Every structure is written in C-alpha cells, then in structure tokens.
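Trainee: One-letter residues, chain by chain:
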Amino acid sequence: MKKILIACSAALFMMSCGGPEGGYQAKEGDETAEKPTIEEYDPHRGEGKFKDYQPSAALNASMAESGEKVYDLKCASCHKLSAEMLVGPGWKGVTERHSPDWILNFMTNTDAMLDKDPKAQAMLEICMVRMPNQNLSDDDAKDIFEFMRKNDGVK
Amino acid sequence: MKRMIIPVLSLTTAIFLLGITGCKPKNAGSAAAGDAASRVYVAPGKYDEVYNFVSGGFSGQVTVYGLPSGRLLRTIPVFSNDPQTGYGYSENTIPMLNTSHGFVPWDDQHHLEISQTNGETDGRWLFANANNTPRIARIDLTTFRTAEIIEIPNSAGNHSSPFITENTEYVVAGTRFSVPMDNDNGDVPIDTYKKNFKGTVSFIKVDPNSGNMDIAFQILLPGVNFDLSHAGKGPSHGWFFFSCYNSEQAHTLLEVNASKRDKDFIMAVNWKKAEEYLKQGRGQKQKVKYAHNVYSDDTHQATSTIKDEVIMLDATQFPDLVYAMPCPKSPHGCDVDPTGEYIVGSGKLAALIPVFSFSKMTKAIEAKDFDGDYEGIPVLKYESVLHGEVQKPGLGPLHTEFDGKGNAYTSMFLSSEVVKWSIADLKVLDRAPTFYSTGHLMVVGGDSKKPYGKYLVAYNKITKDRYLPTGPELNQTAQLFDISGDKMKLLLDFPTAGEPHYAQAMPAEKIAAKSLKIYDLMKNKNPFVTMGEKESRVERKGNRVDVYLTMIRSHFSPDNIEGIKVGDEVYFHVTNLEQDWDLPHGFAIKGANNAELLVMPGETQTLKWVPEVSTIFPFYCTDFCSALHQEMQGYIRVSPKGSNVPISFSLGKNSDATVEPEASK
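Protein chains in written order, with our numbering: chain A, 1 to 155; chain B, 156 to 820.
What the hints contain is simulated information worked out from the structure, not anything from laboratory work. Because the structure is a prediction, the values reported are computed rather than measured. Please note that a few of the clues may not be correct.
[Said to hold, decoys possible] Calculated pairs, DSSO-like style, for lysine-lysine (alpha carbon to alpha carbon, straight line, at most 27 Å): (1) Lys69/A x Lys201/B; (2) Lys116/A x Lys201/B; (3) Lys689/B x Lys116/A; (4) Lys92/A x Lys689/B; (5) Lys745/B x Lys155/A; (6) Lys69/A x Lys680/B; (7) Lys616/B x Lys150/A; (8) Lys80/A x Lys201/B.
[As the list claims (entries may be wrong)] Going by beta-carbon spacing under 7 Å, a handful of chain B positions derived as facing chain A: (9) Asn681; (10) Val684; (11) Gly687; (12) Glu688; (13) Lys689; (14) Ile707; (15) Gln734; (16) Asp735.
Backbone N, C-alpha and C fix where the C-beta goes; we use that ideal spot for every residue, glycine too.
Only chain B is shown next, with the shape it has when bound in the complex (with noise of 0.2 Å):
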C-alpha cells in the first residue's frame, strides 16, 4: 500500500520520509525529529529566525547562516585575503592586514563574541579571534565587515579570545602558548621555559559609541597554556576567568607531558582590582610592537599605526589581583552560566564536569582558604570553591552552553555527544549523539544573561559520512537541536566553512533593521572618489597614472584609454554611482596579479596594476549587473616604455564600424 502513495507525494514530502526511513541510522539517536521537515523549512522569500555566526578556523573568515534552514547567507572576509571582494587586495583594504610582522593575509579564526549590553547580546558589534598570529578583529553588523583588526603583543597563540564583560567594556586575549616577552632577549634554549616563558592575559578597552579597541593593560602570568575565558556576569561582574593547561610547563611532547597533573587551573582575574591598580600608576610601561588597524566607513580606506607601548601588571606583585581554582584535568570550555554564580570547566581528560561557585570563592578568597600557590598565584582550596561535580557525564568533555532555564549542555568530544544536564543538582538529564566527535556547541544566546534557547548548534569535527563524498577533504558539519523541549530533538545537519570552532546567535531582528544598504554617494570622503561621469579622468605623474573611473549599468567610464606605457604603476580608482541595494559592479582586468574588485553602490575602491607587455587589455564588469551586463567593459591600450602616445580617454566616441580596415580590402 505504501508503494502505491510514494509516487502521488511531493518531493518536500518525500525528504520528510527520507528522515524517517532513508538514512541508515547507527543507533535510534541518531534519526532525526518526526516533525524536523516543518520545523527547519522556511519558505521561498521568507526570513530566517536567527542569524548564526560561524568562526572559520583556517578559513580566516567568519560565516553567517540563517537558523533555522542552515542556508550560508554572507562570508565574512577577516583575516584572510579575498580576491572575490578585493578584501586584502584593494589599496583601501591592504592596511586591515598590517602586522608587527608586515602583511599577514591569513589567519586561525576560533571564536566569536556578540557585543552586549546588560549581559544580553545587542547586535552593533562581532569580536573575532586570530589565533596563530594574535589579533582581535571588531565586525560591523551594519555592515558585516570588518572594522577594525588590533594585533595583541607579548603573545603566541591568541587562543582564550574575543570574550567580553557584560556591556562590552573589555574584550579580552590570553596565551595559548607562552612565550619570552617581546621586549626581552628571546634568543634562549628552549628548556629554559620555566625561566624565561611567561603567560599573558590582555584586556582590550572598546570605546562604548565607537566600537574601537586600545590595549588597557596586560597580566604577567606563569608559563602556562591559557585555554579559554568567559567573563563573570550579575554578581560576578568585575570578574574574568581563563581556562589553563600545562601547569606542568612541559615545552616538548605536550600530549604526555602537559598531562600529567590532576588538576591544571582556572584563573580567576579581578579586572576591576586591575583598574584601580592602573589608576595608582601601578603598571608597568614595556616597549613592544603592534598593528592598530582601523576601517573607515567615510573615506572607504584603512589605515594601519604601529604602536609601541602596553601597560604590564605582574601578578606576582598584586596578591589579590588573580587566583588560582583548581580544575580536573587539562580544561578546556570555561563557561559563566546565566546568573553569573557558577562556572563551569571542562576538563577535557577528566571523567567529569567541576562546577565551581562564584559566592564560594569571594568567601574561600575572604578567609584565605588557601592550598599555597603556582608560581607566586594564590591556590584556592577545591572544595571550598566547588558547588560539584557532574558524574560520568560522558568522555572529553568541551564546553558548555546555556539555556536560560537551570540548565546546562556540554559537548563531549570523544563520546560523540551532547548533554543536557540541571545546575541545580548536577543531574544528567538527556543525550543526544552527534555525528561525529563535537568540538564547541552554541545556544542562540547561550552565553549572555538572558539565553534565547530554543535552538543548539553542534559544530562537529568529524564528518565521514553524513554527507555524498567529495574525495579526501570533507567540509565540516554542523548539526541542529530542538532544545525547547525536555528532549534534544536533532532537526539538521548541514555542512559549514573552514573549521568552526565556536559560534554566536541571536535573534534576527535587531540586526536585520539596522542593515546598511548602500553607502551614501553624497558623504563618500575617498580622496579618490569620481564625483559624477563628468569628473572621470586619467591622470599621469611621472610613471604613476590614477584612473578615476565611475560604473553604473551598463558602463564604465571612461572606458577607452590610451597612452598607459609598459611598466607604469596604474591606480584604478573605481566609483559605483549606483544608489540602490544590492547592486554592486566588479572590476576586472586581464593580467591583474592581485584580484577583482567588488565595488558597492555609492563606494570607491582603488586596485594597483602594472603592466608588463604592450598590447590591448579588455577590462570588464564582473557582477552580473543588468540586461546589458555583458556591454559593460573596456579597453586599454599599453605602449612600450618610452613611448610617445599621449594619455587619452574617452566614452561613447565610437570609430564608424561601415568603414573596413585597410587590411581587409
């Protein structure tokens, strides 16, 4: 009988099944809800609820993806370079990936912050982390680009970074590999790191109306390998904690010897008690080096600024600047849940989860409950710091996220899993396997004060199977819950890019209303914008030429020119007039070593380009622009070095097509 009704479904229907009875489930877990066709669909032309970013990993870039389709909407270029924008490529965007270290077009994307106000997630701002070399890059989400990159010194390994305090007064950088400073000699045998490496924290001041960042201050801390953070909030405002591992300062064969110990640390920062320090002028100057990168919205250009300064506060001269929580065993998630009064850490080789209290430790800190120290940092006692422990919650514990009403979820990375359990009384209270080995999970708002729930991301390591194969290398992939109940419900699985690590959401709306369309023609401060077709022009000085080329559909202007030589150093000063949304014009040119540029309404962008052969080079409009797309290009002309052709240019001047070639005849 069923065979007879297969043919009269639709397709839709028909996927709806395939969740049922097409997949090869490995256990009952592993099928998705009954319901999960409805629940994920959202209909042609109809919005998404949430928007989701993905940290990329070694994309460099960041993702955004509606929730709960899964549907990729914009990738966000960060710290990779993007020749299909010109991100990193363009002359205005170049500067945005200065280092101490000159040009670094690439980098480690991990984790991301949502800017908040009150603890709750307010949508102006996206943090972004760069691991291998340490920067923090500040999104725009009126726009969604990048703002601002700000390099972070006396550093390796930006790991336990972008998190914020609850109305985004500092977001913060520690780590992950400890390093000699940079102003000291750095030249030392390395098994002199219990010497000579030391460990940083860095807390970022974002300036409230602007979004833009300046290093406050930094904390000298042990050698050690700082992991991740999470700020206190509510009670624990005022307070940051950092995750850390390799308490036994191994710098070889890390796998066997930074696992020794029992328990590794939570580093518990008081970063108001840092600031009144600072006001005494307590801190230390210390000459470094780092890159300042700023964005602007006005001039459409970025500007880079070394600058050589922070301000260090070592944690051995301040006793009650930073404690120590022991934490079993190696942890890795360090997690605030909504109240503010418990963290959680994740202790990645132990067979449970420690829940510490914050109220427990302002009192073990008040009677000096002490266990000695680590290196010159006060050890709070375990047990007078813990509130408990969840039991056998599963193998490799991760992180955890939150939901707003008591409880907790924690991925388990070796496992393969999700768990749910209550605050409360450390009960576990579901699982729900994933598909395969779960790195970070995300809650919409899971880590703000006032958590959205309804929906879990697991972003997954391992992807096998789960999706047609594409050869060796697989996207990674993602996987959707339905947390509104007392059961996880997986409704989605959907492949990602890069490597997500962790992930922000929140609800759509705000966002969505304040979404930049175009950039204003009339307030455009480029130095080199065209204002108006009657303005475009070729300009030469000495071997440098600036062409000041405007685009609207469908042409250029001006789009012949001749009397560029061989050599020359050619600035196409590209301005879209256009003034409506979504309708950008690209610009190609054959030959170009860097990339296209991608030019929105009403902006300038500026490509270099040096020709090396005499000959005509056809340039073009590579965005799909109208009915007469395929009109929209041009033509140079490149003469040989020395010669006399004069700079010309010109639009609409056409030669008489009747009249044949003296060579045809």
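So that you can see chain A by itself, here it is in the shape it has in the complex (with noise of 0.2 Å):
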C-alpha cells in the first residue's frame, strides 16, 4: 500500500506541475521597466522608466500645449483641472503633492504602481476606479506633466 500511495503522490506531482512539453510560453511582460524588491521600493520616485527627471524651471509652453491635447484625449473623463475629484483626483496642486518622477513613472507603468505603490493604493481605496493604462508614450508624459505645471500656476 506504501508504494501505491507513493506511485499516486508522484502521477499527482507531475500532473499539477508539468506543463505541456515544448508549450509555448509568453515572455514576462514587453516592458523594461526595472522590478525592484519591496525593500527598494522608492515611495519617492515610484517604480518605471523615469529617474530624477528635472524639468526646467520656467514653463515649456509648447509641451504644455501638446500636454493639454493628450489631455483632452485621453484623461479629461476623469480628472478636472481643479481640486475637486471627478472619478479620479483633480489635477489642481498635483505637481507639488508628488514628485515629477512619480507622476511620470504613474501614468506609464500604471498597473505596476497601482499594485504597489502606497500612495498609488491609498488613491485607488478612494476612488474605486482602477487609473486605466492609457498607453502614453514618454513625450506624451513629459507633456502632460508639463500642462499640469502650467495648472500649477508656473510660468
């Protein structure tokens, strides 16, 4: 009986973990975003592409126009450009609550942030609404974050 049980618990083992062989696999993910630990995880920054990203002190008026565009596009359903929240925060003041990495890294590695970023998470208890990925491009968010600075009153 010893060996039989051993027989199944071995046929059990190989059914719940062996896969098809040659199966085809997907590879993890197509963007190169870096996976820190938890413990390095960097509140500060958030976690995606953009690291110390420092924009110039006076307003690029051309980048907060394109910014203003993508805007209308594709973030105006949810976010007014004052305080007050419409499905996801108003935009008035963002620029000094959060870092323009953060900001930048949020719009473009959204679900990674949103499934690990605290302050990510605290928004989305709030809200109820998970910030779609909206598929931005770097200059789109580099604009953007520009128009919300020009919403920031700098000039």
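Hints are included, so try docking the two chains, each in its own frame, into the full complex.
Mentor: Structure (structure tokens):
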C-alpha cells in the first residue's frame, strides 16, 4: 500500500507541475521597467522608467500645449483641472503633492504602481476605479506633466 | 486496498484514473492513453502550444481552440452576424455581409487555410470559404477579425475552397453545384443539365502585402460537382488539383445517379499556363455581378463594392490547361503530400485509396498517354499516373493529412477510424477508432511543406453518447491524438461549435507575438470618432440625430440626452477612450431591434436606433468594466413627434436629491 501511495503522489506531482512539453510560453511582459523588490521600493520616485527627471525652471509652453491636447483626449474624462475629484483626483496642486518622477512613472507604468505604491493604493481606495493604462508615450507623459505644471501656476 | 486510497487522491488524479476505468470502452482502443491527462493539462496561467482554427459549418463562424488543452479561445464572426459583438449589426460591419443578392447574414463555413510562405504556414491570414452563397473571407490574424470578403460569381456551392498556393499567390474556389453561367439565360429546364450547366474554378489573387483579394480568372469546365482541392508544392508548384464527382452529370437523386461510374476525376490545373494565356489576352471578359467587402482598421468601417466583370478561360479551348486523372470512386479529399510528389484522392465509395504521382503525371502528359477525353478535357490513363493504391484501408475514406515523416493519415467515415499508412510502400501501419464517423482530420501544419506533426485532431460528425446528453441536439465532437510515436494515442475529447469541417493549426508563438492589443486612439480615422469628452455631443439634421458618445471607466459622455423624437433615426457613434488591453465597453439601449455594440479600446462603432414610443430609455455598458460598472449608464428622453423639446445633452449636472418631487408631498 505504501508503494501505491508513493506512486499516486508522484502522479499527482507530475500532473500539477507538468505543463505540456514544448508548450509555448509568452515572455514576461515587454516593458523594460525594472522590478525592484519591496525593500528597494522608493515611494518618492515610484517605479518605472523615469529617474531624476528635471523639468526646466520656466514653463515649456509648447510642451504644455501638446500636453493639453492629450489631456483632452485621454485624461479629461476622469480628472478635472480644479481640486475637485471626478472619477480620479482633480489636478490642482498635483505637481506639489508628488515628485516629477512619481507622476511620470504612474502615468506610464500604471498597473505596476497600482499594485504596490502606497500613495497610489490609498487613492484607489477612495476612487474605487483603477486608473486605466492610457498607453502614453514617454513624450506624451512629459507633455502632460508640463501641462500639469502650467495648471499649477508655473510660468 | 484501492478503495482506501481513493479518498486521498486529488481531483486531477481521479480524472486521470477515470480515463482508464471510468468510461465504458466499446473496445480497447477507446480508452485514452495512460498519460493522457498530463499530456493535455495546461496549468492555469500557462499557454497552449498550438492555435487550432476550426471551421464552424452551419454556424458560419470560425472557432479558435488551444491545443493540447482543447480550450475554446475565441469565436470569430465571419459569415454570420453576431449580436454579442455587433458584427453584421453595426453600421461599420453591415457592408461585410453584402452580396449581389443583398445582405446575406448567414453561411455554411467549411474549410480554412492559413496563409503560407514557401509552403510553410506564416500566420498572417486565415482564409475561410462560404459554401452556400459563394464567398471567401480573409481573417487578419493580428486582430482575429474578418478583414475582407469576396463573392464568387458563376458559382454555386463554393466547396473546394479556400485552398492556397505555396506562397499565397492565389486562393481558389470551385463550384460544387454546376449551374448555368450568371450571364447566360438561367431560365432553362433542369433536365438540360448536360447542355446548359457548367462548372468553374476561380483563382483569386492575394496581394502579398495587404492580403487584399481580387479575382484574377475563372476556368470554365464541364458541369460536374467540384468537391475539394489542394495546390501542388515544391516540384508540383504551378499546379492545382481539384477532385470532382458526378461525372455522370446527374441532376436528380444524385445518391444513386451520381454513383454509377467506377471512376470520376481529379482535375489537374496548370495555373502557370493559365497566367500565360491571360497575359496573351486570350481570356474572355464576362459580365457578372459580385460584391467585394473590405474592413479598414484605420477608419473602423467596412466598404462594399459591387464589381461587374471576370475573365474566363474555357478549358476546352486550351488543351494543355486542364487534365483529368481518373479517380475511384466519387472522390472527396484531394490532398498533396509535403514533398509535392504525391496526390491522394479519397474515393468515398472506394475500398482503396489511390495515390497519384506528379512526376508520372508530367511524363504521361508529355507522352500524350491519354484515354480519350471527358467533355473536351484530356483524360490521362489511370495506370500511367498512379503511384499505387492503399489496399483495404477501411470504409469511406474522406481526407488525408501528413506528418512530414513519410506517413499519411486518412479519416474513415463509415468505419469510424483514423488510418495511418506509409506513402512510400502504401502499407497500413496503425488504426485508431474514432467516436463517431470522422469527417475531416487535421495534423498541425499537415497540408504544408513542413508539418509540425505531434498532434492530430479528428472532427467527428456524430457525438451520441460521448458527453452528458443535452436533449436531441448535441454539439459535435473533436478527438485529439498524439502522433509522435509509431502508434496513435487518443488524448482528449472536446466538444466543438457549429459543424466543424476542415481545420488548420500552427505553433502559437508566431501568431501570439503579433496579436494586436488595442486600437491606437491617435490613429483612429473613423469619420464619427469623438476625440475626447470635450467633443462629445448630439447633433440633429432633420430627423437624423448623431450622438457622439465616449466611454471610459465608468461613464458615458454625454449620459443625459433630451430632444429625441419618436421616429428619429438616431446613430450612436460610440468611441472607447480606453487604451489598455482587454478593456472593451459595451453599449446597449432598451428596445434596440438589432444588437449591442462591443467597442474595443480606441475603437469607434455605430449603432442605428429608431425609437417608436415616447418615454425614457436607459442605455448602459454591457461588459463588466470596473468596480463602478453598474454605475455606467445613461438616459435618453424620447418626446412625441412634433414635440418642441430642444436637443440637449449633459454629463454630471445632477439635480438636488434632497428636494422631494411635488407629487410625493
């Protein structure tokens, strides 16, 4: 009987662990974002491609203008320019609440940050809707950030 | 002792054991292989090894399964409208189902072919035939959507289709039902079949970059029933082989009257020769009418164009264009082996399988080794073109596929089995019973130059007791076999949708890597797109009202609309502003007598709605999109005809809930 039990558990092991031989496996995501462990997580910077992003001291008006266009298309459904919350938080003061890296990373690496960033998770508890990944390019994100700065009074 | 152990076994182990002891095998061969459970188990979150595209028969659609799990991954609407996606109901897709007979929202979809380069599956497109109202569709394998449908004139029962040449130069179509040509007087007595009824085969050019189809030429042939076909490859590239039955030219009780002759034919068509004649301008232009429908992923709209001309080559006028190879008896499958040398005819009423040799055929043609002609088509001598016959293979051979190791696999309808045999010496090597009555079978890549082999699927016509009963109507069933060893091993049964005929499969990687995730909103060229909520609006022109509606988690803009009147033609142009994978939103409105829309991220789709009563109509999102999905709704006020309520629309202008309505005080 012992022998049979061993044989059965061996079969069980094979079945729960063994996929089809030669089965196709997709590569893990295609974003190049680094994946630090929890201990290394920097809540000030967030997680994603952006690190030490330095906006110019004065507003870049043409970037802000492009940013507004993307805002109208992809963001305005949920974010007002005032401090009032719609679906997501209003944008007034957003550039004072978060670092540039955090905002840029959250815009371009949304799902990963919603899964681990404490501030993003706290907002999710209030808004109850996961911010959509709106497939923004890095340049789109920078333009939107410039538009946020304009909205916050940077000249 | 066994009884004591069972409680400690997990469910998977129980299923595993059930495979051996649980069912009531009709004979030893009906039990699955001992390790079948582990061979088909694809763990949660893991991917299947192979995409299996399966024709839907009378459902008109194509289904996609993963192998070896047999999991249904997707149903692709092709020739039948589909209320769940809005295909054939949305203004964008209605033109896809246009034909010379008007809107035809159903068909009988029999055969599939994945596009090929150098005779190998390349995973760019999937071609599908419509048997009833003759059409060929091209499905784009980046979107898994029907990208194009072309109607075939001078045809009825487009059965021997949509098989392709080895670089997808052409996709073909052949008439199952011979008929008078479209431009001839068709008002003739049916018993003038021999005089007035003709068959055609059509060669449709496929643009190597866009995939767009265009009928290059048709070949006029005697009135018989063309059944199946396959292109030559390698040395036989340049030829196409069509099986045909009813060389008796019967037009009634074909069951008896078309089964009289010992041999019918496989017609060998030299399409390179046809190209030469075409270049010399020797084709005849014919007035016809057929629809060509194309869907654009840029405008998210289909257009339908009615074309009015084809070029016809009358085979009897070109003695070196088509040759008839005698084939016993009422042949069905017509399959070419991976080397391109052997052509297998499956005579469904024959007790043997004839295998023809391409090199012998070319020699016989050179030597003019003819046995007279059939209705003006030179008939080659059977013995001169024959490689050999598989003796006593089973009863009712229908279709043959190949594993690339010199073996062929033939489905036997009457004796319910798959028979493995060797092409070189025509010896039967193995038999596996099937449940029940296999029609088509498919080896992964089994009609290409380089079969992937490993798996074979039998698509069975009769299900009976294989699953829990579901009343008189049962889904059809497929059976997966492991063919990597000497003996075929049954691994899995899985139910299928519609009535599967032919199927195609290829390893998953190439297709999966190119799969589109979203439509880029920035590149949306739909004339009714709403680029952001700011542009959402309602416009009236006479009794036409255009609603430019946006959707994002979890609201519509606008969501309160007034000023619509009974009898207005309202067009909802719905744009999904999401740009994340797998976040469609649905749009449904009460009383709509067409369907819903399912709108993918970045896409615009339009639904027409004509309200018939004055009341408030709610609309809502049908696809559970977020925690606040149940809140994703709106209202439309419909006023009587002649009302002077002006068009107005809004989002977020809520009335004060604390003020009680007058009536309740």
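Trainee: If a hint holds in the structure, say so; if it does not, say that too.
Mentor: Here is how each hint holds up against the structure:
Distance restraint check for lysine 69/A and lysine 201/B: the Cα-Cα separation of roughly 40 Å exceeds the 27 Å cut-off, and the hinted pair is therefore not satisfied. Distance hint between lysine 116/A and lysine 201/B is fulfilled; the C-alpha atoms sit about 24 Å from each other, no more than 27 Å. Pair hint lysine 689/B plus lysine 116/A does not hold up; C-alpha atoms about 33 Å apart against a cutoff of 27 Å. Restraint check for lysine 92/A and lysine 689/B: satisfied, since their Cα atoms lie roughly 19 Å apart, inside the 27 Å limit.
With a CA separation close to 50 Å, the supplied pair lysine 745/B and lysine 155/A exceeds the 27 Å bound. For the proposed pair lysine 69/A and lysine 680/B, the alpha carbon gap of about 17 Å is at most 27 Å, so the pair holds. Between the alpha carbons of lysine 616/B and lysine 150/A the distance comes to roughly 68 Å, so the proposed pair goes past 27 Å and is violated. A threshold of 27 Å between alpha carbons decides the hint, and for lysine 80/A with lysine 201/B the separation of about 41 Å lies outside it, so the pair is violated.
The closest approach between the C-beta of asparagine 681/B and any C-beta of chain A is roughly 14 Å, which is over the 7 Å cut-off, so the hint fails. Interface hint at valine 684/B: violated, since its Cβ lies 10 Å from the closest Cβ of chain A, which is beyond the 7 Å cut-off. Given hint, glycine 687/B at the interface with chain A, holds; its Cβ is 4 Å from that chain's nearest Cβ, closer than 7 Å. Here the hint on glutamate 688/B is kept, as its CB sits about 5 Å from the closest CB of chain A, short of 7 Å.
With a cut of 7 Å, the hint placing lysine 689/B at the interface with chain A holds, because the nearest CB-to-CB distance is about 5 Å. Annotation: isoleucine 707/B was flagged as interfacial toward chain A, and the flag holds, the nearest CB pair being 4 Å apart, inside 7 Å. A hinted interface residue such as glutamine 734/B counts as satisfied when its beta carbon comes closer than 7 Å to some beta carbon of chain A; here the least separation is about 4 Å, so the hint holds. Nearest Cβ of chain A to the Cβ of aspartate 735/B: about 4 Å, under the 7 Å cut. The hint holds.
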